[in-house]
Amino acid sequence: DAKTTQPPSMDCAEGRAANLPCNHSTISGNEYVYWYRQIHSQGPQYIIHGLKNNETNEMASLIITEDRKSSTLILPHATLRDTAVYYCIVRVSDSGNTGKLIFGQGTTLQVKP
Amino acid sequence: DSGVTQTPKHLITATGQRVTLRCSPRSGDLSVYWYQQSLDQGLQFLIQYYNGEERAKGNILERFSAQQFPDLHSELNLSSLELGDSALYFCASSVPGTPGPLHFGNGTRLTVT
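Residue numbers (our numbering), protein chains in the order written: chain A, 5 to 117; chain B, 32 to 144.
Hints in this document: simulated from the structure, not taken from any laboratory. Remember, predicted model here, so these are calculated numbers, not experimental data. Where is the CB? At the ideal position from N, CA and C, for every residue including glycine. Errors might be hidden in some of the hints.
[Unchecked claim] Chain B residues, not near chain A, derived (Cβ > 12 Å throughout):
| no. | residue |
| --- | --- |
| 1 | S33 |
| 2 | Q37 |
| 3 | P39 |
| 4 | A45 |
| 5 | Q48 |
| 6 | L74 |
| 7 | L77 |
| 8 | Q98 |
| 9 | D102 |
| 10 | E106 |
| 11 | L119 |
| 12 | S125 |
| 13 | P127 |
| 14 | G131 |
[What the hints assert, rightly or not] In silico DSS-like cross-links for lysine-lysine, where the CA-CA straight-line distance does not exceed 30 Å:
| no. | chain 1 | residue 1 | chain 2 | residue 2 |
| --- | --- | --- | --- | --- |
| 15 | A | K56 | A | K7 |
| 16 | A | K116 | B | K88 |
| 17 | A | K7 | A | K73 |
| 18 | B | K88 | A | K56 |
| 19 | B | K88 | A | K73 |
| 20 | B | K40 | B | K88 |
| 21 | A | K73 | A | K56 |
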């Protein structure tokens, strides 16, 4: 599985957009980009995933560069409850039903009033 | 609520003992994954089962074992416990085949004294 690089920490003002970057320069053509977050020792929470195209759901938007070597998770209007560790993970899409997620250190996002 | 249920929420036991952690996956999910999160190690993948069969193995100690039953619930057995086994243990489940995301339970906090 390709490795990812994320900044260890970021701050964001409440109500502003939080843009969390991720580099995955060795990503392969069959690997998806997934984003999870973990709030204070709770179970990791799935946010969004994508392969090539930009994706949006009720929680966030995912922007993937054309060469797929990096991506950005956007939380459009951050709230204090978005304070968490955010993980960017690349994951192989295969028919072998493996598909485990390998977590890195993630980015600690602190949303400030 | 992810739909993944883990019991017990907390477990305190002594060194040398054996414990069993239980996980009920989301309805329809055939894959179950186990993860360990200790303070200094981050989220570590332990093992995956798919429809009752072991499918992938990570950094799981020989003292640890798991199984998935016909009703698809899974158990993680930890034996000869050591102080260093104190951690959060998470279970996740997913539908067959990627790219369906993994959904995590809220974990079992194990304290070995």
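So L77 (chain B) supposedly isn't at the interface. Is its beta-carbon more than 12 Å from every beta-carbon in chain A?
violated, 10 Å
Compute the least Cβ-Cβ separation between P39 (chain B) and chain A, then decide whether it is above 12 Å.
Fine: 15 Å to the nearest Cβ keeps P39 (chain B) off the interface.
Taking the minimum C-beta separation from D102 (chain B) to chain A, is that value above 12 Å?
holds, 19 Å
Does the claim that L119 (chain B) lies outside the interface with chain A hold up, using a Cβ gap greater than 12 Å?
Given a closest Cβ separation of 6 Å, the condition is violated.
A cut-off of 12 Å on Cβ-Cβ distance, and S33 (chain B) was said to be off the interface with chain A. Does that hold?
Per Cβ check, S33 (chain B) is inside 12 Å of chain A; nearest 7 Å; violated.
Compare the distance between the alpha carbons of K40 (chain B) and K88 (chain B) with 30 Å, and conclude whether the hinted pair is satisfied.
holds, 24 Å
Are the Cα atoms of K7 (chain A) and K73 (chain A) separated by 30 Å or less?
holds, 11 Å
In terms of Cβ atoms, is chain A entirely out of 12 Å range of Q98 (chain B)?
holds, 17 Å
Verify the proposed pairing of K56 (chain A) with K7 (chain A), using a straight-line Cα cut of 30 Å.
holds, 17 Å
Exclusion check [Q48 (chain B) not at the chain A interface, CB over 12 Å]
holds, 23 Å
Holds or violated: are the alpha carbons of K88 (chain B) and K56 (chain A) at most 30 Å from each other?
Within the cut-off at roughly 29 Å; holds.
So is E106 (chain B) really clear of chain A, every C-beta pair being over 12 Å apart?
holds, 18 Å
Violated hints, listed in ascending order, are 1, 2, 6, 7, 11, 12, 13, 14, 16; each of the other numbered hints is respected by the structure.
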